[in-house]
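Participant: These are the residues of each chain, in order.
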Amino acid sequence: MTFIIILFESFMSFCACIAFSILFDAPKKELIFCGISGGISWFLYASLALYLTPTMATLISTVFVTAFSRFASYHRQAPSTVYHIPGIMPLVPGTAIYNTMASALNGTVLETYTNILLGLKLAGAIGAGSILILALPYSFFEIIPRRQKKQKKISAFNNFKKKKKRP
Amino acid sequence: MDDNILLKFALDAGEIMLTSGAETHRVQDTMHRILSVSHSSNVEAMAMSTFLIVSIPSEKSGSLTLTRGIYNRSVNFGKICAVNEISRAFVSGQISLEEGSKRLEEIRHTTANSSISRILCSGIACSGFTLVLHGSWSDAIAAFIFGLMIGVVLKYSRKSKLPYFFTCLIGGFIAGSGSVIFQRLVPTAGADMIIIGSIMPLLPGMTMTNSIRDIMEGHLISGTTKMVEALLIAFSIAGGVGFGITIFGM
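Line by line, the protein sequences give chains R and H.
Numbering of the first sequence is given in the numbering used here, commencing with residue 1 and proceeding in unit increments.
Numbering of the second sequence is given in the numbering used here, commencing with residue 1001 and proceeding in unit increments.
Chain R with its partners taken away, still in its complex shape:
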């Protein structure tokens, strides 16, 4: 039952991230990959949060989403930011920001500081997870070779050789 709920939430995350990418003017042919990135991130986060702390779950799902965005960036020839940002979006600590504000309004000091700390921890986990993958060199993501694009590149290079000179 839990698994079905997680799958449903991941699907909603997929739809929400596609809507988000349209809001950010992403190119139409990349929309589906932006959505997949958001779906992966929430699926991993929700299933890991059953066993681990929220910080650990955020860290691990950020690592996987960043890896996915870099693979997609290599295969689709677009900047990795386009896939990375929608994937991060469900993990951004909006809940912690809201809880901080709500507890500050109630005047419960201890709860306020706990929520601030949780928000900073989650933000740090997102940063650390991104850095772990972004620090890897570009060639690491060329393990699975591109199929059609490579041929196109060679033909473009030939054209360049025939033209010989730029003005």
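If you're looking for bench data, these hints aren't it; they were derived computationally from the structure.
No false leads were slipped in.
Only part of the chain H face toward chain R is listed, based on derived beta-carbon distances under 8 angstroms: (1) Glu1023; (2) Val1075; (3) Phe1077; (4) Gly1078; (5) Ile1080; (6) Asn1113; (7) Cys1121; (8) Ser1122; (9) Ala1125; (10) Leu1131; (11) Val1132; (12) Met1206; (13) Met1208; (14) Ala1234.
Cut-off 30 angstroms, straight-line C-alpha distance, at most; resulting in silico cross-link-like pairs (BS3-like, lysine-lysine): (15) Lys1102(H) to Lys28(R); (16) Lys1161(H) to Lys1102(H); (17) Lys1159(H) to Lys28(R); (18) Lys1102(H) to Lys1155(H); (19) Lys28(R) to Lys1155(H); (20) Lys1102(H) to Lys1159(H); (21) Lys29(R) to Lys1102(H); (22) Lys28(R) to Lys1161(H); (23) Lys1008(H) to Lys1102(H); (24) Lys1060(H) to Lys1008(H); (25) Lys29(R) to Lys1159(H); (26) Lys1008(H) to Lys1159(H); (27) Lys1060(H) to Lys1102(H); (28) Lys29(R) to Lys1155(H); (29) Lys1008(H) to Lys1161(H).
Here the structure is a predicted model, which means the values were calculated and not measured.
Built from N, CA and C at the ideal position, the CB exists for glycine as well.
Start from chain R and add chain H according to the hints.
Facilitator: Quick look at chain H alone, frame taken from chain R:
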């Protein structure tokens, strides 16, 4: 190849990327690659979060330097992708300098999606995130309405060039006051789910991620200023929500 046109081309590419929300190191890298096409040494390209500097050696006058200030920032993935493609094609020699400049001008004046689809998508994103955070279907419908309102606010603030944190204040106020009123009408609704879902389009996820990437690449000044911006946005959203709750929750 005319040096002045090349410098202007590099600056235009950098400006479009920076105003569309690209990371500073990506902007700097792109400008450096464009300039390296014609000059092999002493090429300098520099990008900060608020200005750009490019410099190349010139035969006539020793060296040429141009600077440009960047005053507005938004998020536009389409423009980043398009400029990336153009700079790649230019560096590999597929298009000429004149054609590249012409295409950059075209990109600068395009608006990819219509405002109606943007407003609708803002609503869909809000209701989707409310459902993701265990909200019920009635919560999702409420979040959809507040998302539409926030989308309208975002559209008009972009037109009238309001400061972004002020937009976040208004957006947070709409989410906070609206969900408190909705909970009075429908007592079973979860006000916190609606608020968290509705503030999602305003959250500084992009700024935060970019600041961390910039710090990692060694752009310490750009990274820290962006982090301050992210904190300011988060505080202004929280302030707006708190204001709305206190006024209508009494």
